[in-house]
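Number of protein chains: 2
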Amino acid sequence: MDNSDSNNSKCRIIVDAMGGDFAPQNAVLGAVQALKENNFFELYLVGKEDEIKKVLKDNEAQFDDKFIINASQVIGMGDTPTTAIKAKPDSSIVVGAKLVKEKKADAFVSAGNTGAMMAASTLIMGRLPGVGRPTMGSLMPTSQGKCSIFDAGASVDSKPQHLLEYAIMGSIFMKEIHGIENPKIGILSVGEEDSKGNAVTQEAFRLLKKTNLNFVGNIEGGDILKGTVNVVICDGFVGNIVLKFGEGVLTFLKDKFKAYAGQGLVNKLKIGLVQGAMREILKDFDYQEHGGVPLLGVNGISIIGHGRSSQKAVKNMVLRAKEMYDKELVQKIQDSLSNYSNIS
Amino acid sequence: MDNSDSNNSKCRIIVDAMGGDFAPQNAVLGAVQALKENNFFELYLVGKEDEIKKVLKDNEAQFDDKFIINASQVIGMGDTPTTAIKAKPDSSIVVGAKLVKEKKADAFVSAGNTGAMMAASTLIMGRLPGVGRPTMGSLMPTSQGKCSIFDAGASVDSKPQHLLEYAIMGSIFMKEIHGIENPKIGILSVGEEDSKGNAVTQEAFRLLKKTNLNFVGNIEGGDILKGTVNVVICDGFVGNIVLKFGEGVLTFLKDKFKAYAGQGLVNKLKIGLVQGAMREILKDFDYQEHGGVPLLGVNGISIIGHGRSSQKAVKNMVLRAKEMYDKELVQKIQDSLSNYSNIS
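Residue numbers (my numbering), protein chains in the order written: chain A, 1 to 344; chain B, 1 to 344.
If you are wondering where the hints come from, they were derived from the structure by calculation, not from laboratory data.
Watch out, some of these pointers could steer you wrong.
Treat identical chains as interchangeable: a pair holds within one or across any two.
[What the hints assert, rightly or not] Straight line, CA to CA, 30 Å or less: simulated DSSO-like cross-link-like pairs of lysine-lysine:
| id | residue 1 | residue 2 |
| --- | --- | --- |
| 1 | K146 | K268 |
| 2 | K101 | K159 |
| 3 | K98 | K196 |
| 4 | K258 | K270 |
| 5 | K256 | K175 |
Since we're looking at a predicted model, the values are computed, not measured.
Work out the full structure: start from the sequences and follow the hints.
Printed below as a string of structure tokens:
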């Protein structure tokens, strides 16, 4: 890495070239594609140098060697996160997180092992002051408006204070990145009435009432896709289950349509006619469109992609990192957390 | 009520004639329909006598007056459950639950206020020995096999011991009612590995390992509709959110298809062609097909229906109550709980 760049005001983004099921191919080419679309940042590829160079050469992609940072180890998708980041100090994930920690880079993007990426971001980059738990946000398709779920699975057994942090961080993210002036915040619960919920959400409700955030109260599972609120607050245990269940519903429906199409030519023709429509409708659920989820609350920009990330998804993750840098998201989160630090 | 019947071996089922958004119409006619299909039980209609009689007369339905039990009050869908069951002692829900408590009836079926029905069943009928929390089970559509979620929302902040109870009760329900010899049980969690989960599910995992139930470990949100397991165990907070989110996904997709069809004649024709297929596919999600959810763990049979229950749904609820009686489900649950009472 060219250390002379470290005081450069250009955003420095590191991409984990070894991250994802189709690495290094998709990670490398997606990252280079982002640079083609927007060259107002510096791109670094971290991973096995020879493999990175091979992908670049095979695809005739232009990329200056001095922006390749060698990392001899790879954390696999099946590795145990916290063990792996200790056992593999020269892995692309650990090396990337360290460069952000050392202020040699501003952002780290990876479609690799999600748990390892969360652990490396939290333990190596470190948490911002006032953050008990960093949070991942996942954008949901909605009938109208934009909506993200915080926490989408970064941690479980969140305490009320953590839900408050998610609301503060999620609100800033939706404002700065999705342009929603005063994001509506709702707690995911089992009824809309103020008194509904479990012990943790009821207490979080009380805390959120004390803020001047645009907290609208409790929402139900059926409200998420309506876009009733812009920020859905929940424990990561619930958020993870909701997201995976949603994917499961889509898989179930696709399988059913496929089975229907398999029952003879007429059915096949019918389904064929609406295939375009279905693709259009289901595209809102396509993670590749937005590419990756941000991990908020760590000291730096960290974006984690789906293992199956396409080149387009990686490209979008890099551009999102750039946007988060330009909008000084980390600093704004820190300021807002500090404003609300007296709430209890 | 004809008390001379109280020692009769015929199953005595009470239907809340005032329960549901379309009561007394749907409740009364659905119940009478069940009696037409299977007359090996005694049906009692509880509610405002004059209203019940009017529905019967208007629809020329044959029903002996002596099986109508007057209850002068009605708990509305918006009433606060625990307050309402105290404030309205002569409501159909309270009167119905009391008749089961007094062993004058075996089963109580209502499509009324869910919370009030749960409260009345739990507080008036009472819990079975060894039950900390009664549980509601909701049948899910699956790619293969049958699967119910316990708890689907009867209680929140369930403790590990409660999840064990749900597993025991759910397993018996799926065996006796759905004919699955050795139901596979999974804990809904954030990963399949044994160590994944929150504090409560991890401890429940340990407890379930000690049973000889067919416990297969943790499952993820995306596994529910695959039918990986027959009994999904979770806290009612999670179960309620999952179920409502699932309904939300379907509503979202239907709205999207409708919007697509609205964009011109060609689109409308295309969607029209597959409407039958879609209806067929989505019918698995139709609560009216199975009608109502059982509340297990109370001392009697209690079945709670959706507020929007159709006549068919009410009919199915009544027939389900009859089946639970014939299969001695309450006794079997009590026996099984007693077998596992030493697990901790």
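Structure-based check of each hint:
no., hint, result
1, K146 to K268, "between (35 Å within a copy, 27 Å between copies)"
2, K101 to K159, "within (27 Å within a copy, 40 Å between copies)"
3, K98 to K196, "between (43 Å within a copy, 27 Å between copies)"
4, K258 to K270, "both (11 Å within a copy, 17 Å between copies)"
5, K256 to K175, "between (39 Å within a copy, 26 Å between copies)"
Hint compliance for this structure: no hint is broken.
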